[in-house]
Amino acid sequence: MRELLLCPPDYYGIEYEINPWMSLARGAEAAIVKEQWKQLHATLSKLNCKVHLIAPQPRLPDMVFTANAGLTVGRQFIPSNFRHKERSGEQAFFVKWMEQHGYEVDWLPEKLYFEGEGDALFGSSEVLFCGYKFRSDIQSHSAIAEMLGCLVISVELVDPRFYHLDTCFCPLPDGGAFWFPDAFDEYGQRAIREHVTNLIDVAPEEAMHFSCNAVVIERDIVLPEGAPQLVSNLQKRGYLCHALPMSEFIKAGGACKCLTMFMPQRAALA
Amino acid sequence: MVSETIELRGHIIDSLILPKVLDQILTHGGNFKITEVQIGRKRADQSFARIEVSTQTGEALDELILRLRQQGAEVLERANAQLAPAPADGVFPPEFYVTTNQQTFVRFGGKEIDVTPAIINSAIAVDREKGSARAVKFFDVRKGDDIVVGHQGIRVVPVQRATTHTDPFQFINNVVDAEEPKSAIIREIAKELQRAHGTGGKIAVVAGPAIVRTGAGGHLVRLIEGGCIDRLFTGNAFAAYDVEHALFGTSLGLSPNVAIARGGHENHLRAINAIRDVGGIAAAVRQKVLTSGIMRACVEHDVDIVLIGAIGDEGPIPGVTTDVIECEKILRDKLGDVTHVMLLATLRYSLAIGAFLANNVKTVCVDINPPAVERAVERQPLQSIGLVTDVEPFLRELAGCLSESKLSQ
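Protein chains in written order, with the numbering used here: chain A, 179 to 448; chain B, -5 to 403.
Bear in mind the hints are in silico, worked out from the structure with no lab data behind them.
Small disclaimer: the values here were computed from a predicted structure and weren't measured.
Using N, Cα and C, we set each Cβ at its ideal position, and we do this for glycine too.
Careful: at least some of the hints might be erroneous.
[Claimed, not checked] Label-pair distances were calculated between CB atoms; the ranges are:
no. : chain 1 : residue 1 : chain 2 : residue 2 : range
1   : A       : Leu202    : B       : Glu46     : 54 to 60 Å
2   : B       : Ala73     : A       : Met200    : 42 to 48 Å
3   : B       : Glu320    : A       : Lys289    : 55 to 61 Å
[What the hints assert, rightly or not] Covered stretches of chain A (in silico footprint by chain B; criterion: 3 or more residues with CB under 8 Å from a CB of chain B, positions within the stretch not fixed):
no. : stretch
4   : 336 to 344
5   : 368 to 379
Assemble the whole structure, with the sequences as input and the hints as a guide.
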């Protein structure tokens, strides 16, 4: 059974602008926020997942996006070093929670920015794909490769709207992945193509609905609504898609995957 | 060229970071040299590369390094050069660094500074306030000057073989012997001088007396009148023989036109006396005392004449610098902007002047004596052509190639 960490959206809101999606002039509707998050929580809970909750904190509106808290492998938790000071306060709460739940905390050097599962996703073959430039530094990747003893494929993100890897790339358990290629530079695209078979390209209009920001639990895929073409492609591959409304979280540049952290994302590596 | 050494580590092969970095260096006008690569053996092993990145200017390098840092490049910290004060005027501190004629950079205050001029057998003085470095001779140094000691923080950049075009200096790159054909290479030299002339280069001739004595003076005059020569370096004897030839038709008593000339060896003393009498070469031209010859052509076509004295000089002719230290200062000053030098039939001045040439100055040496040519060209690898021949046919052919109409193009 997969274990997941979510954070209720009690203090969620657009209180600053740190990505192109955020606009102080376009706030989130509190009632809809609550409804959309509940729906995600309920959907994941039904998919044979154990969902843990961390207590939300005032003045940390983005704490709801737990995927950015860090990267968990086995019982090892590597906390994020957030690039923006607006989010750096989240670190202490996540570290404390993970320690209380028996995870061993393994710190990156302070000077290296790294935003957790937002920029680090395992492919099926124990290859960790890591995005860099907007939020994470590429230097953090070699540190993580060292800590985990695995192959890290570093890919440069070039479109600020897709500022985290999990906004444009979603690995599948069959060794494939769905992705929005234009979010990567030419070398990143080549590196992904070399290491991933059966890639599904997501059309630009569907990528803009954060379709790649999906939680994959075995054959079930929980993703934001608005990507009929992608859903159809995934169904052809035998996946069961659960498309959810995510409009209020997309206003902050996040959706299903950003709201979910795997505990762990991978069992301990050999 | 300025450079920094960067290091990349991580899964730089699988992630294509190494090819990306190399591509970025090239597409932004830089060059690279991979000095070390370690490729991980197992899947999880990380790889490592150390790369020397160079660009034409410091600004371009800063901009490029900024880009490469985004790709994970760490700039290798290099040690600054060690400095020690000169203990007295004209004395370097012990262990002072001795320059070659290659372009040299000294790292100080975390930055690389180009040492100017790039001349051989000097020390390097660093001006901490200006952030500049200059090659200094003994006569330059003052007590307390900051002089580079040891080899730390020094980088020497040899001239690279051109990869973008065929450069006759690099193509030949050796001595054309007496029995080898020379017309083709003289044509190439003419083209190079023409190109230099058209692109703001400065062409100097270092001339030996044989030019006058073999009757090649008229060919040199054609080159001067064609605007092909910017500066003439020579000695008292050359000037004396040229004036003698202009006044009496002989040089050291011999005439190229007459088997036995009247007047014999005394003519050159009378020529020197004539110039001394009017106060100098320029005055002699102004007063119509001197109406032909190389010196006259130089004065009338604004070619700078640098006359270097030597023991045994008769006179000397006014304008000859007889103080050796003063000569060195003048040579350094007058050779600083020269891009092309023709060393013609003069081993003595070829070697003296070679000591003041940067390694990127293109050099043509012509002498009838093979060892003289070899000694002159060995200091300028990839930048010199040597021809073993009498200087007269060389100048005749070169002047033919570089007719006035061609030069004015």
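Hint by hint, here is what the structure shows:
1. Leu202/A / Glu46/B: 54 to 60 Å: violated, 48 Å
2. Ala73/B / Met200/A: 42 to 48 Å: holds, 46 Å
3. Glu320/B / Lys289/A: 55 to 61 Å: holds, 58 Å
4. 336 to 344: It is violated: at least three residues are needed, and the stretch 336 to 344 of chain A offers just 0 whose Cβ sits closer than 8 Å to chain B.
5. 368 to 379: holds (count 4)
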